[in-house]
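Sequence lines, in order, name chains A and B. Read the first sequence against this note's numbering and you will find it ends at 651, with the numbers running on by one and no gaps. Read the second sequence against this note's numbering and you will find it ends at 409, with the numbers running on by one and no gaps.
Calculated directly from the structure, the hints in this document are not laboratory data. The C-beta atom is built at its ideal place from N, Cα and C for all residues, glycine as well. Worth double-checking, as some hints may not be accurate.
To be verified - Simulated restraints, written as ranges between beta carbons of each label pair:
hint : chain 1 : residue 1 : chain 2 : residue 2 : range
1    : A       : E650      : B       : R154      : 35 to 45 Å
2    : A       : A457      : B       : G290      : 19 to 29 Å
3    : B       : G237      : A       : K377      : 52 to 62 Å
4    : A       : I515      : B       : A393      : 46 to 56 Å
5    : A       : G530      : B       : Q44       : 26 to 36 Å
6    : A       : S335      : B       : Y40       : 40 to 50 Å
What the hints assert, rightly or not - Stretch-level coverage of chain B by chain A, calculated; a stretch enters the list once three of its residues show a Cβ under 8 Å from a Cβ in chain A:
hint : region
7    : 67 to 78
8    : 111 to 119
9    : 387 to 399
Said to hold, decoys possible - Some chain B residues close to chain A (C-beta under 10 Å, calculated; not the full set):
hint : residue
10   : G37
11   : E196
12   : D240
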Amino acid sequence: MSGNGRDGEVVVIGIGLAGLVAGLRLAEAGRSVRLLAKGVGSTHLSGGTVDVLGYAPARVLCPAGALPEFVAAHPDHPYARIGTEVVGAAIEWLKGRMDNPRYVGDLSRNFLLPTALGVAKPSAVAPQTMAGGDVTRGGGFAIVGLPGLKDFYPGMVAGNLASAVGVAGEVIEARPVEVDVALDGRADVGPLAYAGRLDDPAFRAQLAARLKGRLGEDEVVGMPAVLGLADAEQVWEELEARIGRPVFEIPTLPPSVPGIRLYRSLLGALRRAGVRVAIGGEVVGAEIDGTRVTGVYTDAANGARFHPAAGVVLASGGWAAGGLEMDSHWGLREPILGLPVTAVPEGVPRFRPGYFDHHPLARTGVAVDGSLRPVDGDGRVVFTNVRVAGATLAGAEPWKEKSGDGLSLSTGYHAAMSLLAEEG
Amino acid sequence: MEDLIRASLDHCVKCTICETACPVAKVTPLFPGPKYEGPQAERFRQPTGTADASVDYCSGCGICTQVCPQGVKVAEINSRARARYKDENGVRARDRIVARPGVTGRLGTPVAPLVNRVMANGAARRVIEKTIGIHHAAAVPTYAGHSFQRWAKLHQRRVPSRPDARSVIFFHGCSVNWFEPDLGRKVVAVLERNGVEVKMPRQGCCGLPLQSNGLFDDARRALGRLMRELTAGGGDDPVVASSTSCGLMLKREGREILGLEDDALSALGARTFDVCEYLLDLHDRGLLDTGFQPLAMTVIYHAACQQRGHAMGTPALDLLRLVPELQVIQSDADCCGMAGTYGIKKEKYDIGMAVGERLFAQVRRVKPDAVACDGETCRWQITEATSQASLHPVELLFRAYGLEL
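Just chain B, with the same shape it has in the complex (with noise of 0.2 Å):
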């Protein structure tokens, strides 16, 4: 696979695509584009040392792979370049915080007052900003207080299991855990109003964190330990994603970028779906209750980068016009400029905020009553950029299913 990979850059034709697709060469010379970053460095890199700064500039958000019209793996060349690079020269202290939701999720929790004060406070951020390197007006997590998993248990106790049923493992990654608790209730929620029963296991982070800042190793181990975690029952259960871009790890990144031949785990990504693909195949057997209630909103619906890794289309779209009244418009940009963690570090923020530009704009233009975007971080970049409310599809479906919490 990794040969496979690399060799893909053979394939390039230099008919610069992908640099006209690249949302963070548009607005800094700091990147020289994906097509030069990836193909045509590439060739020239030893194994070792020779990959330049520049290569940790790309966002890793994937688009220069999913436009590439001759199946280059553009991002998957520049992210192993990066990993490369980063091994020789070190790992910032930032970046091993950041690519930790698990743990900092897990210790934040308990003091989740203190800590949403604290990165409420422009004063406190500015130390943030100077010590740790997070920029000061970065869109950062809120703490919930308490665990999707703590609720998850007690709910599994409550709800009879039903042999008969159709049943899904929920993936909910570390963000539905520690952030958006009512995020996971709500998928959990949809699923249920379709006959679909919710398993639940104990699960921890997928690495895509530590993935793209750099620490393969560790995202290595990461991955394997959530893959047992989420088969530890036992079955063949499709597992249900709501987070497109930890989602995406389970199918593809694991394989193509960290480089994992592992049969269980190519088992289990062909067996992953995103929570709306997964109602979308539901719908496209006529299993799907439709019995939506008109919901009289005008909504942005914001394809993220990662969700367009998929390559499965845009089945939020999809399930969304299935809502009476529910005004849908696509957004117009690539890119919210978040790309995980890449848009809160202080080099890159005003980067990020200007490849986020177009679709802020397209936000403050239309005045929707809510954007709907399937990416965690994305939501939280566009909330912060624009003040403006932002939902996951689900919640969507949730609120026009007359559903509470």
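Here chain A stands alone, though its shape is the one from the complex (with noise of 0.2 Å):
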């Protein structure tokens, strides 16, 4: 491999959350990268927020203060692996390259934000066009529904919203405004459609002028998570100008427009620094010398091709993204590096009855020691160049703790920190 300009290259496989920050902070220390990943990530299904921790298992208000407790009585967890001092410096470090829209929030507090559903959900950190919709204090909110959205319905978010309470006792009014704007002959329209749309000048100023004089005096616009995708600060800012009242966003369904500026933002960074990105071959083996991984193999149209790699960031995803597999027996494995993977204990059942009840077999994955390295039952380290980060990780419930965003974020920064410290 002599004056191939690849010597020392870290491969980084997986394109969500948590590869891309692990990817970009490497990059940005210098180091020679190259991302790969069989599809788009997870970003494009997410809000858009940093949910850190949401419920332990109550509902958590103030993370900084929950997070001690919670490592405490989760040993296993990824946040009690890294240290919860990790977590406050990813989210910083993300912020400062989140510029359009940029980040706002941090561990001192959570932000009660509204879903598409009306739920006020936990998150620590918001793109600036959502803050505006945190309900702690109560307060009233006009939201906004355009024809033809798929999947948002204002009725059913400003009732539910309306049936909670701020965190004091605090009333939460909400009624739904229905806006009418030409469809284009379209039977209905996706948010990525509408964001679109409100990229375009001359709709915004007409929606705005739909909206004025609907709206009362005191009231905040809650509007499905559309305002514009190239430029969403732009968007926000003009609509609120133009209609005089305060504006948030409310994440949709999939496709989520601002997970895709969330992904848009980070791709583009990663770009600029140099990172060799390549989607669409999946990665189906490595070469392994000892406990160490010297490279992997992609499924590239013309058969295996080899990418040597000096570390590796195993960012592959959970169950959902094919980063962890579960076959007709039961079996689990981790598919791309064969790392051992966690097992249900015995004698405890993998599911329980309810579906929303805490599922054994959920908090499976891989189990790493404090540098995110794979370690086997025994706590011995399997590869010490491969670092694990995101979903793949054992030991977490994400969708119970509303902790993914957070996990990903601060284990795909960590794994960078740590591979950049090891080789000084």
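Using the supplied hints, reconstruct the complex from the two chains, each of which is provided in its own coordinate frame.
Written out as structure tokens, the structure is:
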């Protein structure tokens, strides 16, 4: 491999939040990085907020206060492995890189932000375009519906929101406001198509004109999260100015415009940092030398293609993404590097009866040490130059904890820092 | 293979990621989107008679398959549905013509000046639009008036064979043969500069334009013929392609779209390389001559849709970054809108131009010295839409080596 310019390259596998963050952090530190992904990652399905810890199991209002007790009670949780101070550092790092829209918030408090179901969801960090929807102290909200927009029902959002109260019992008032804008012959419109229309100043003016006069004096205006794709800050500020009311975005069902903005911002930064990104060739295997992974193979159009690697960040996702697999005999495996996957303890049921119960199988995954190196059942490091990040990790139940984005961000960040520290 | 491609629809979890990436659905309601048209509609299609006209508005760019995190072969499913639809509803004469660049190339070359004048004449193009259905403003190639093959024959006689040298078979495709023979010569020069002997067997069309116009039987015949031509000399030399879309036919699409289950094709595909991929592999092994002269230029590099279908990363970008003083900006657009022959069709021209607008806007904003792109029809589209010179990345390497034709 002499003279090839690829010596010392770190291969990041996966292009969800964990992979994007790890790749960018490494590239910023001057490392040569190759990012390999079989498809686009989970950002497009995410609301674009960074939820660090929402339920433990009671609703969390101050993540900084709740995290020490949470990690003490869950010593196998990734937050316990990497240390809670990493979470705050990773958040500040991300905020420094998101400029359109900017991100606000920190671990001192959770925003309570309405979802597309009208539930107030705890999020530590959110795009500025969303933060105005915080219902912590109650208030009056007008929820705007756009004709033909799929899976967004302002009546339901407002109804559910109005049945909740602020943290000290403050009243939340909410009502739907349906606006009439032309559909251009379409039967229905997805969030992305609406975002494209809002990128057009003429459409924004039309929308604002139809909204004006239909809003109460003190009402805060909730819009489905379609306020532009290319320049959300501009769209949001202009809409606020035109209607003279505070405006906030409510994340929609997928495809999620705020998630796509997050993806595009980080991907753009990766490309500017010189990271080589290849999407579409699944990583199908690895070359191993003792306790080191020396490279991985992708499934290219002409067969297996080898990518030498000095280090590897495995951020290939969990069960839904295929980063973890289960066969019909309940066998659990990590398919790329064949890493050990934690088991449900003997005698414990894998699933419990209720859909929203804690399911022991959910906490299985790849176990790691404090440097995010994969370890086996005896705690021995399997590969010294591999770091595991994101939903592949064992010990968390992100959908119950509302911790998925926080986990991906902080473990992606820590994976990069740990690889960098090892090599000085 | 056929069953596996279709069966992949069961992997669809309706995440909509393909819908966010489809460049066509973004600009027209005539195409309802890859998820709807692909894994959803296919489930209800019988072997005959149930595909509808909307499937023909898929441009075949393949981005849906590339971005799918679950491995659904969305574009392949839709290409096959289109072929069935066209089989049942007939194929327009226009589509039969544009699907045969080998034939039009052979017929047009002896009368190149005349054809080029007609195709550059506004009034004539309006007549062609009305009668045949090729949009009057669409980018069409210019006939070189002489074939690459003619030069190749002479060149192979001039350059002595060196049995000890690394050698490759150059799959140049129809475009180099009839429209861009100089590009072919530059590819040969760059390979020879790196000590590679270039074999150039007589060869025809790979069948890609036939496939994208739904003429699968003809496409299979063309591909079979090409395989015989490329392997006629025996041996197991790598096949190096300068057209990313035609190279992909050998690597993947012949199997996955045309459904050719053929061991010879699989073997040939496994030793087929895009020219930039091949050169970067040389570099990775320390074998590439990196004695590049500085090129004080700013270039936008656009990775074409079919280029990305190779799942090989962006070797052209990596190579161009080896050239001193060459500023390379990566395009932030997914597709130029041409997609082979899609963007020249009267009823699809506006869609293609709308798809490409993101790229054209970037070109107008940056005002680069050139746009580099691996796909030939993409280059023609970019130049037609922006009046900006477009080059194959190897042409920049050729220049940086200080080579001349």
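How the hints compare with the structure:
1. E650(A) <-> R154(B): 35 to 45 Å: The hinted range 35 to 45 Å is violated for E650(A) and R154(B), with Cβ atoms some 56 Å apart.
2. A457(A) <-> G290(B): 19 to 29 Å: 42 Å, violated
3. G237(B) <-> K377(A): 52 to 62 Å: 56 Å, holds
4. I515(A) <-> A393(B): 46 to 56 Å: 48 Å, holds
5. G530(A) <-> Q44(B): 26 to 36 Å: 31 Å, holds
6. S335(A) <-> Y40(B): 40 to 50 Å: Since S335(A) and Y40(B) have Cβ atoms about 45 Å apart, the given range 40 to 50 Å holds.
7. 67 to 78: holds (count 7)
8. 111 to 119: Check failed, 0 qualifying residues.
9. 387 to 399: violated (count 0)
10. G37: 8 Å, holds
11. E196: 21 Å, violated
12. D240: Since the shortest Cβ distance to chain A is 14 Å, the answer is violated.
Checked against the numbered hints listed earlier, the structure breaks hints 1, 2, 8, 9, 11, 12; every other hint is satisfied.
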